[in-house]
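**Q** Residue strings, one per chain:
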Amino acid sequence: MSDVADRVKKIVVEHLGVEEDKVTENASFIDDLGADSLDTVELVMAFEEEFGIEIPDDAAETIQTFGDAVKFITEAS
Amino acid sequence: MFDLTGKNALITGASGGIGGAIARALHGAGASVVLSGTRVEPLQALADELGERAHVLTCNLSDMAAVEALPKQAAEVLGSVDILVNNAGITRDNLFMRMSDDEWQSVIDVNLTATMKLCKGVLRGMMKARWGRIVNISSVVGAIGNPGQGNYAASKAGVIGMSKALAYEVASRGITVNAVAPGFITTAMTDKLTDEQKTGLLAQVPAGRMGTPEEIAAAVLYLASAEAAYVTGATLHVNGGMAML
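Residue numbers (UniProt numbering), protein chains in the order written: chain A, 1 to 77; chain B, 1 to 245.
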């Protein structure tokens with residue numbers, strides 16, 4: 001697994017308080033990992049800080065799963 | 001009670017009567033304050049009076065780029081913004097039939113849109129901190145209307161609705177969002193009224209007098225305190241009984 005994926009997973013695990021093995025490629029933050037809509041906003045904030053990138057609101061809305069996040073951040077950073 | 005030691009507050013419209021009183025109250029309770037407004041001289045005079053823990057950041061709230069920059073500047077000066085008091089407001093009164101688009105829009109921009117942008121600008125830090133207090137200054141006019149103030153009434157009613165919606169969204173993060181709705185308070189804004197107008201207004205106030213800026217500041221201080229953690233989405237009417245809502 002890539003370095004980006006490891007760091008994203010760490011943030012997701014810490015923020016949502018879920019088991020690491022639940023955070024799979026297609027795991028939806030809201031449907032599978034128990035996040036509410038505000039959690040997803042906070043996750044994006046955490047990604048921005050961890051990776052020193054800006055994630056615009058319209059892009060943030062497309063980040064629904066762990067895989068989406070890794071893909072977006074890999075392309076942006 | 002109401003100890004704000006270690007908390008950092010941003011207050012807009014701090015050069016005005018009510019804003020100045022709010023700044024004094026929060027500062028007096030131990031908070032560090034950023035005083036924001038358009039006129040640097042009265043802001044600096046107030047900062048000098050308060051001494052330590054008081055900073056000045058001028059900002060014209062009709063300039064949306066400046067509005068968006070203000071929360072960041074305040075966080076740089078203070079380290080964080082834990083308490084936001086959206087007090088700044090303008091009036092451009094006219095009869096509804098004569099009200100120009102510009103009179104309408106300028107009041108909505110400053111009183112409602114700038115308030116929204118400042119709330120948005122401080123939320124990130126408050127969400128991370130799991131603590132925040134937003135107090136938006138509305139007006140009795142937003143609740144009961146006033147002839148000649150269609151724009152002002154709309155903006156102040158808008159502030160109440162917006163505060164409630166935001167309060168819903170962020171309550172789980174330890175952030176409260178409330179409004180304070182002053183009645184007729186002795187300030188530069190009400191000094192413009194004629195004696196005849198004042199007499200007419202006071203006839204509607206059971207307390208029989210105008211309120212003081214300090215009486216508004218006391219309400220804000222309460223809502224900004226740790227003690228008010230379970231109060232959110234509320235509108236605290238401070239109006240001498242003029243409108244019992």
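Calculated directly from the structure, the hints in this document are not laboratory data. Glycine is no exception: its CB is placed at the ideal position from the N, C-alpha and C atoms. Among the clues, some could well be false.
Said to hold, decoys possible - Derived DSS-like pairs: lysine-lysine, alpha-carbon spacing no greater than 25 angstroms straight-line:
(1) B:Lys192 - B:Lys120
(2) B:Lys164 - A:Lys10
(3) B:Lys128 - A:Lys9
Stated by the list, open to error - Computed list of chain A residues with no C-beta within reach of chain B, every gap over 12 angstroms:
(4) Asp6
(5) Lys9
(6) Gly17
(7) Val18
(8) Glu19
(9) Asn26
(10) Leu38
(11) Glu42
(12) Ala46
(13) Gln64
(14) Thr65
(15) Gly67
(16) Asp68
(17) Ser77
**Q** None of the hints should be skipped; say for each whether it holds.
**A** Evaluation of the provided hints:
1. Of the pairs offered as hints, the one joining Lys192 (chain B) and Lys120 (chain B) is violated, with about 33 angstroms between alpha carbons and a cut-off of 25 angstroms exceeded.
2. A hinted pair counts as satisfied when its Cα atoms are at most 25 angstroms apart, and Lys164 (chain B) with Lys10 (chain A) does not qualify at roughly 34 angstroms.
3. A threshold of 25 angstroms between alpha carbons decides the hint, and for Lys128 (chain B) with Lys9 (chain A) the separation of about 19 angstroms falls inside it, so the pair holds.
4. Every Cβ of chain B is farther than 12 angstroms from the Cβ of Asp6 (chain A); the closest lies at roughly 22 angstroms, confirming the non-interface assignment.
5. For Lys9 (chain A), the non-interface assignment is confirmed: its Cβ lies about 20 angstroms from the closest Cβ of chain B, beyond the 12 angstroms cut-off.
6. A cut-off of 12 angstroms between C-beta atoms confirms that Gly17 (chain A) is not in contact with chain B; the least separation is 14 angstroms.
7. The Cβ of Val18 (chain A) lies farther than 12 angstroms from every Cβ of chain B, with a closest approach of about 18 angstroms, so its non-interface assignment holds.
8. With a minimum CB-CB distance of about 22 angstroms to chain B, Glu19 (chain A) clears the 12 angstroms threshold, and the non-interface call stands.
9. For Asn26 (chain A), the non-interface assignment is confirmed: its Cβ lies about 27 angstroms from the closest Cβ of chain B, beyond the 12 angstroms cut-off.
10. Interface exclusion of Leu38 (chain A) from chain B breaks down, the closest Cβ pair being 6 angstroms apart, not more than 12 angstroms.
11. With 12 angstroms as the threshold on Cβ separation, the claim that Glu42 (chain A) sits away from chain B is violated: the shortest Cβ distance comes to roughly 6 angstroms.
12. The claim that Ala46 (chain A) is not at the interface with chain B is violated, since a C-beta of that chain comes within 12 angstroms of its own (minimum 9 angstroms).
13. For Gln64 (chain A), the requirement that its beta carbon stay farther than 12 angstroms from each beta carbon of chain B is met, with the minimum near 19 angstroms.
14. Every beta carbon of chain B lies more than 12 angstroms from that of Thr65 (chain A), the smallest distance being close to 22 angstroms; the non-interface claim holds.
15. Separation of Gly67 (chain A) from chain B is adequate, the least Cβ-Cβ distance of about 25 angstroms exceeding the 12 angstroms criterion.
16. Under the 12 angstroms C-beta cut-off, the non-interface status given to Asp68 (chain A) relative to chain B holds; the minimum distance is some 21 angstroms.
17. Every Cβ of chain B is farther than 12 angstroms from the Cβ of Ser77 (chain A); the closest lies at roughly 20 angstroms, confirming the non-interface assignment.
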